[in-house]
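The two chains are supplied separately, each in an independent frame; assemble them into the complex guided by the hints.
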Amino acid sequence: DIQMTQSPSSLSASVGDRVTITCRASQSVRSNLNWYQQRPGKVPKLLIYGGSTLQSGVPTRFSGSGGGTDFTLTISSLQSEDFATYFCQQSYSLPSFGGGTKIEI
Amino acid sequence: QAHLVESGGGLVKPGGSLRLSCAPSGFTFSDYYMSWIRQAPGRGLEWVSYITHNGRSHQSADSVKGRFTISRDNTNNALYLQMNGLTDDDTAVYYCAREVRGHYFVFDLWGQGAPVSVSS
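Same order as they appear, the protein sequences are chains A and B. The numbering of the first sequence is the working numbering, which starts it at 21 and goes up by one. The numbering of the second sequence is the working numbering, which starts it at 1221 and goes up by one.
In short, the hints are calculated from the structure, not lab data. Treat the hints with care, as some may be off.
Within a straight-line C-alpha distance of at most 20 angstroms, the following computed SDA-like cross-link-like pairs (lysine to any residue) qualify [said to hold, decoys possible]:
| id | chain 1 | residue 1 | chain 2 | residue 2 |
| --- | --- | --- | --- | --- |
| 1 | B | 1285 | B | 1307 |
| 2 | A | 122 | B | 1260 |
| 3 | A | 62 | B | 1229 |
| 4 | A | 65 | B | 1247 |
| 5 | A | 65 | A | 123 |
| 6 | B | 1233 | B | 1338 |
| 7 | A | 65 | B | 1221 |
| 8 | A | 62 | B | 1221 |
| 9 | A | 122 | A | 34 |
| 10 | B | 1285 | B | 1266 |
| 11 | A | 62 | B | 1328 |
| 12 | A | 65 | B | 1323 |
| 13 | A | 62 | B | 1266 |
| 14 | A | 122 | B | 1266 |
| 15 | A | 65 | A | 75 |
| 16 | A | 65 | A | 42 |
| 17 | A | 65 | B | 1260 |
| 18 | B | 1285 | B | 1237 |
| 19 | A | 62 | B | 1223 |
| 20 | A | 122 | B | 1264 |
| 21 | A | 62 | B | 1225 |
| 22 | B | 1233 | B | 1335 |
Pairwise CB distance ranges (calculated) [stated by the list, open to error]:
| id | chain 1 | residue 1 | chain 2 | residue 2 | range |
| --- | --- | --- | --- | --- | --- |
| 23 | A | 25 | B | 1296 | 39 to 45 angstroms |
| 24 | B | 1283 | A | 99 | 35 to 41 angstroms |
| 25 | A | 59 | B | 1225 | 16 to 22 angstroms |
| 26 | B | 1286 | A | 62 | 28 to 34 angstroms |
| 27 | A | 32 | B | 1295 | 47 to 53 angstroms |
| 28 | B | 1231 | A | 73 | 37 to 43 angstroms |
| 29 | A | 59 | B | 1250 | 29 to 35 angstroms |
| 30 | A | 73 | B | 1239 | 31 to 37 angstroms |
| 31 | B | 1285 | A | 76 | 31 to 37 angstroms |
| 32 | B | 1339 | A | 113 | 31 to 37 angstroms |
| 33 | A | 78 | B | 1324 | 16 to 22 angstroms |
| 34 | B | 1233 | A | 88 | 42 to 48 angstroms |
| 35 | A | 88 | B | 1228 | 38 to 44 angstroms |
| 36 | B | 1335 | A | 80 | 32 to 38 angstroms |
Yeah, the Cβ is synthetic: ideal placement off N, Cα and C, and Gly gets one too.
Chain B on its own, in the form it takes in the complex (with noise of 0.2 angstroms):
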């Protein structure tokens, strides 16, 4: 059975960084885009970044874009994403997401999320 399984989270000061990570199992990694979503406490879903299966393209919401880095090891099949500058703006949940292959951004497949605190 296919799971996802996200790392990485705690609590960062403002202005700090965290690497999140992903680690999937029971299936073919490499063959699938992925995606981080986050949500706020209390609030709703906002997609952040996603990459192509082969790790050559990627590309960020506007709210992390210069921030936030997504990047992926197939040989390890791992998938991270790289946060600095990180603000208050940034708690939240964060869900590493598989992309249903042929259909872009739809998330069939989801982590049970790392949580991010980010306070003085």
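So that you can see chain A by itself, here it is in the shape it has in the complex (with noise of 0.2 angstroms):
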């Protein structure tokens, strides 16, 4: 099984704010990493897929980069319902998440 680790688990910023995070897998997952964003008591929502690719409607604040075994999401000024957690999910092989990162105000 593919491990994935995200850093940090929370961080608390600003609207405005420039924000990365961090996703290691334990083994390479190539291109095949997602990112999701889920407000609280909200479902998730696909942002990025790909390792870089933007899902449709999503705001190009949001980008994402990195393959192998290390990858990050930007948000390149943070907006007020970017407030959520995000996780990481590798599809190279059956699906494991991140265990989250929480981004408080």
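Here it is as structure tokens:
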């Protein structure tokens, strides 16, 4: 099984900040890495797949990069609606998720 | 607009069984691979099972293998998860999720979730 580790587990930020979240896989997943956003009490929403492809309708302030075992999600200018928990997920083999990163005010 | 709606969750005693259902709408269900994914209270996400578009192949996580069975009825547009031998560790919200066509295990559509609580 591929283990996914996210860091940090939580962070405090302000509107307008640039935020970066990292995700590390226990073995190479090539570019098969996806990012989801989950707002409190809501359903996870796909943001980025294939490491860097923005899902339709997702604002361009979100971007993904990386490959192999190390990936990052960047929010270029944090908006109020972005305060949420973010999960990475590998789709190279049977899926596994990271533990999540909660962005708080 | 595409939607998924789960049903069948509830409170069950350890060792008991439940069957979850997922009703799709707004898209051609038989074209898509589907999965069940769960989230324990205050915890992260755990993939449970997947099934191919035609139901001919499926697989489950080790944590539920031999106890949970995924199935689908493309004629009546429904996805199921039969859960047997439930334990406390199975307490979670269970989501059905659609995979992006051509991208295995990329989930672009999620239901609202069915809460399952296992307690004596």
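If you check each hint against the structure, which ones fail?
-> Checked against the structure, no hint fails, so every one of them is satisfied.
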